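Undergrad: Could you build all of it, start to finish, from the sequences and the hints given here?
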Amino acid sequence: MRKIMNAPKDFVDDFLDGLLRAYPRDFRSVPGFPRALTRVEPPGASPKVAIVTGGGSGHLPLFLGYVGQGLCSAVAVGNTFSSPSADAILAATKASECRKGVLYLYGNYSGDGINFDDAADMASDDGIETVTVRATDDVASAPPAASGSRRGVAGLTLAYKCAGAAAAADYTLSETAKVAARSLANTRTMGVGLSPTIIPEAGRPTFELPEGEMELGIGIHGEPGIRREEMRDANRIADLLLDGVLAELELTTSNRVAVLVNSLGATPEEELYIVYGRVADRLAADGVTVHRALVGRYATSLEMAGCSLSVMALDDELTSLLDAQSYSPLLRLF
Amino acid sequence: MGEYSPGTALERMLRSLIQHEEEFRELDAAAGDGDLGVTVRSAAAAIIEWLLQSRTTGSTRELLAGIAQVCASTSPSTFGSLVSHGLAAAAKALDDEQGDDISSLVVALEAGIATVHRRGRAEPGEKTFLDALIPALQVARTATSVAEALPLMRVAAIANTEQMASAVPKHGRAAWVGERARGIPDAGSVVVIRALEALDGSDGRPWDVDTVSQ
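Protein sequence lines correspond, in order, to chains P and X. Each residue of the first sequence is one higher than the last, beginning at 1 in my numbering. Each residue of the second sequence is one higher than the last, beginning at 1001 in my numbering.
Calculated directly from the structure, the hints in this document are not laboratory data. Model, not experiment: these values are computed from the prediction. Fair warning: there could be bad hints in the mix.
Stated by the list, open to error - Covered stretches of chain X, as calculated for chain P (at least 3 residues, CB under 8 Å): (1) 1035-1045; (2) 1069-1075; (3) 1080-1089.
The beta carbon of each residue, even a glycine, is placed where N, CA and C say it ideally should be.
TA: Shown next as C-alpha cells:
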C-alpha cells in the first residue's frame, strides 16, 4: 500500500483539518464537534429549510463537498466507509438554520440509517422538525421489486442539486423533501470497477480483481458487484451501464435527461469523456435530449478505478431546479 | 463479585477481538465493504482505554451503559451502532442489584437482542449476527450458571453460523452481493463467536474465507 498519510487512524481527522484550512470561506466545523461541518452562510441570509447530509469518509467530494450555496447546509463525517455518529449528525443539525425544518438527505446504508434516525429522535426532543429522504439509485444493488433496499450512490449529486435549489427558493420542508424524493425516483445509476480500494486503517485491498476482468455493478465502498466479466472497450462498457440504467427509467413522458458520468476515484477524465461520447450517441439515437451533462469526480471510493453512469429523467420543475446556481469549492457544477 | 470475574474476562475478550481484526476484515470484505476489522478493533481498544481510565467499580448496568456509549462515539458503523443500542437496552433491563449471575445474563441478552432485531430490521435466518446471538440465548436459558452457559452458547453460535454460511444474506451490504456470499460465514456472527470463545477460554478454529468460499 502506498498512501500519502500519517498515522492511518488519523486519516479522517488529518484530511478534515487540511480541508478546513484550505477553504475557510466556505466551511466551518461546529465548535466541540470536529466531525460536523457547516457552510459559511452569507451575511443577512434569510431562514430557509436546511439540508443535512452525511456518511462515511473516502468518497470525496461526496458527502461534505455538497455542503455549499444552493446545496446542503451541513454534513456529519464518519470514519472511512463508516457512518457518522448520531451526536455528530445532531450537532450538524443544530448548527444549521433549522427554524423552518431540516431535510436529512443521504445514501441508503444501514449504519447511516440507524444514526440519522437516532439524531432525528434527539432533534425532535429539541423541537426541531426533520424529514428523511434516502437515495436508492444503484440499480445493481437489488432487483426492482426490492428497489427500496438499494444503496445510494452518485445519483445523490442530482438530488442535492435539485433539493438544494428548492430550499434556496424558499420551498417548505415537505415540498423540499418531495423534490428530493422525486429527483431520486427519476434517477438510476450503475457502476463498473476496474481495481479495488484500500481502507487506510485496514491497509489491504477490499477485493482482488484479476488482470483483464472488471466488476460490473460495483458500489462506492468496494463492495463486490453483481458479476465479474472480461474487460471490454469503452463503448461496450458504456452500453452495459446505459442498458442497466435505461431498463428502469420511464422516458416516454419526458425525453429530457441529465447525465452524470462519475469517476470512482482513479479513473481519469479522458476515459470518462470517452464513455460520455458513447452515451450521448446512444441517447441521441433514441431521441432523448441531454439537458445537462456532468463528467468528473462526484462520488468516489478512494483510489478505486472505474466509473458510474447516472441518468435522471427531467420534468419542467426538476429542470429549472437543476439549472439554479450552486457553489461548493469541491465541485464542478453549473 | 463472586468467583467469576467480569472485569478480567471482559478485558481478555476485548484483547482477543483485537487479535482477530484481520479475520473480521477478510470475512467482511468477502461479502461487504471490509470495515468490520477496523470497527471492532477501534471499539475494543477504546473500551479498554475507558475501562482503565474510569476504573469502573459500578454495577453491571453502569458498565454496559458505559461501553454502549464508547461504541456509539468511536465506532458508529452498522455493527457498532447495533451493538451500542443492544448494550444500552441490556443495561436498561437490569437493575442496580443485578450483576453477573445467569438470570441477569439472560435478561440482558433478551433485551439486547430484541433491540438489535428492531433497530437492525433483520429477521433471524437472514444471515446477520442475530443468527449467532439467538441460539446462544436459547441455550443460556437452560443453564444454571454463567460458567455452564458460556461453552453451550459458543457451541450453539458456531453451529448456527456454520449452517447459515450456505445461505444467501438478505441484509446490509452483504445482501447486495447475494449469491456470491453463499458459503461465507456472516462476519458479525464470527465476532460474537470469537467473543464467546475468549470468555470461556477456548481456542477458536480459524475461519478461512478462501477455503469456505470454494
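Undergrad: Now tell me, hint by hint, if it's right for this structure.
TA: We went through each hint and held it up to the structure:
| no. | hint | verdict |
| --- | --- | --- |
| 1 | 1035-1045 | holds (count 5) |
| 2 | 1069-1075 | holds (count 3) |
| 3 | 1080-1089 | holds (count 4) |
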